Structures are given as C-alpha cells and as structure tokens.
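For the record, the sequence lines run as chains A and B. If you're matching positions, the first sequence starts at 2 in the working numbering and goes up one per residue. If you're matching positions, the second sequence starts at 46 in the working numbering and goes up one per residue.
It cannot be assumed that every hint is accurate.
DSSO-like mimics (lysine-lysine), calculated; alpha carbons at most 30 Å apart, straight line [what the hints assert, rightly or not]:
id, chain 1, residue 1, chain 2, residue 2
1, A, 10, B, 116
2, B, 56, A, 10
3, A, 16, A, 74
From the derived model, a few chain B residues whose C-beta atoms are all more than 10 Å from chain A [unchecked claim]:
id, residue
4, 60
5, 61
6, 76
7, 86
8, 101
9, 103
10, 128
11, 129
12, 141
13, 153
Bear in mind the hints are in silico, worked out from the structure with no lab data behind them. Treat the numbers as computed from the prediction; the structure is a model and nothing was measured. Don't be surprised by glycine CBs; every beta carbon is placed ideally from N, CA and C.
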Amino acid sequence: AQRVTQPEKLLSVFKGAPVELKCNYSYSGSPELFWYVQYSRQRLQLLLRHISRESIKGFTADLNKGETSFHLKKPFAQEEDSAMYYCALLPRTGNQFYFGTGTSLTVIP
Amino acid sequence: DTGVSQDPRHKITKRGQNVTFRCDPISEHNRLYWYRQTLGQGPEFLTYFQNEAQLEKSRLLSDRFSAERPKGSFSTLEIQRTEQGDSAMYLCASSLDYRQGGGYTFGSGTRLTVV
C-alpha cells in the first residue's frame with residue numbers, strides 16, 4: 002500500500018540556516034513525488050515535483066529511490082518560508098495523491 | 046477565472062442534518078477532486094471526476110456521502126445525516142491531465158463543524 006511519512010511535525014530553524022524537511026514513502030512501483038506548501042491563511046499550493054528537477058523559491062528535492070526518500074532542502078532559510086509543508090505521492094497508474102501528515106516549518110528571525 | 050472556488054467557507058451544522066458544499070474548478074480543468082483533511086493530518090482522497098464522470102471513490106466515502114459534477118463544470122458534495130466525525134476541512138482541487146502539467150490547484154476549502 003502507498004504511504005508517505007513525514008517524521009517531523011514541527012521544525013524550527015534560524016534565518017539563514019539550512020533546512021531539510023524529511024519525506025519517506027513506500028510504494029511498490031515508481032511514483033511521482035511532490036511537495037505542497039500552505040502559507041498562513043492561504044490555500045494549499047504546489048511547490049515542486051520531482052520530475053521537473055527544478056528549484057522553486059530556493060527549494061530543491063531529490064528523489065532517492067534506494068532510500069525511498071524525497072527530502073526538501075534549502076541552503077538558507079528565509080522568514081517567508083515559514084509554512085506547512087506536505088509531501089505527496091502520486092502512483093503512476095492512479096489518480097489520487099497520498100499526502101503525508103505535514104511538517105510545520107518556523108524560521109526564527 | 047481566479048482559481049478554484051469553494052462555498053461556503055465555513056459551515057456549522059447540528060448532528061443529523063444534511064449539508065451540501067459547492068466547488069467551482071478552473072474552467073479549462075477537466076479533472077476535479079474532493080479531499081478531506083482532519084486536524085493534524087494531510088488531505089485524504091474522497092473522490093475524483095473526469096468531466097462529468099465520477100471515476101473513483103475512496104472507501105472513506107460512506108453511503109452518506111454523494112458527489113456530483115453535472116455537465117462537467119461545478120461539483121457538489123453532500124453529506125446526509127451528519128455525524129461529529131464528519132467535522133473536517135473539505136478541499137476541492139482541479140487539474141488538467143497531471144501528466145501534462147503540474148499538480149492540482151486547490152480551493153480554500155469548506156470547514157465543516159458538526160455539533
């Protein structure tokens with residue numbers, strides 16, 4: 002069965018420090034992985050997807066199939082990065098996302 | 046068209062009452078999804094439409110839940126005989142074929158409180 006695990010419910014870092022939000026998944030096939038973000042009082046929105054291999058707002062995420070992980074990283078955290086982050090898995094043959102429970106990131110000035 | 050719209054934003058209802066939520070997707074999006082999010086959890090899939098056809102339903106969608114998307118435009122989600130366990134944020138999302146583009150575009154959600 003598909004499962005997405007985000008081990009940290011809360012994460013605090015100082016401004017300018019590196020940040021890594023962990024995401025592990027279980028899936029028997031080859032999934033697509035996404036990161037969604039929800040800023041305060043805003044709707045959930047797509048941050049990045051692994052197949053795009055792009056950097057959005059300084060964030061990157063690399064799919065590690067060996068470790069079944071898709072950790073989100075940013076070298077220098079900014080205050081505006083404070084938000085709720087959800088990792089999501091989309092099976093190759095399915096139509097629904099499987100979301101993790103989310104990590105609340107707080108960047109301390 | 047400024048995005049996915051959901052109405053109402055908040056709904057408080059007494060246990061046993063019926064409620065209906067509406068979602069207006071982005072007009073050119075042929076796919077529409079309903080998710081439910083409870084406190085401390087990520088969104089959980091409820092159902093999915095491609096145009097007007099409801100193609101997939103989660104086991105979370107009990108007999109008390111029904112969703113429609115007449116004419117492949119807006120969608121409604123009805124909950125009959127509401128229970129306290131139905132209290133949650135109900136999220137609607139729409140997309141084009143995700144394999145051609147990005148992920149979903151989410152609405153702001155309808156927060157249901159059953160008292």
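Any of the earlier hints contradicted here, and which numbers? 1, 6, 7, 8, 9 and 13
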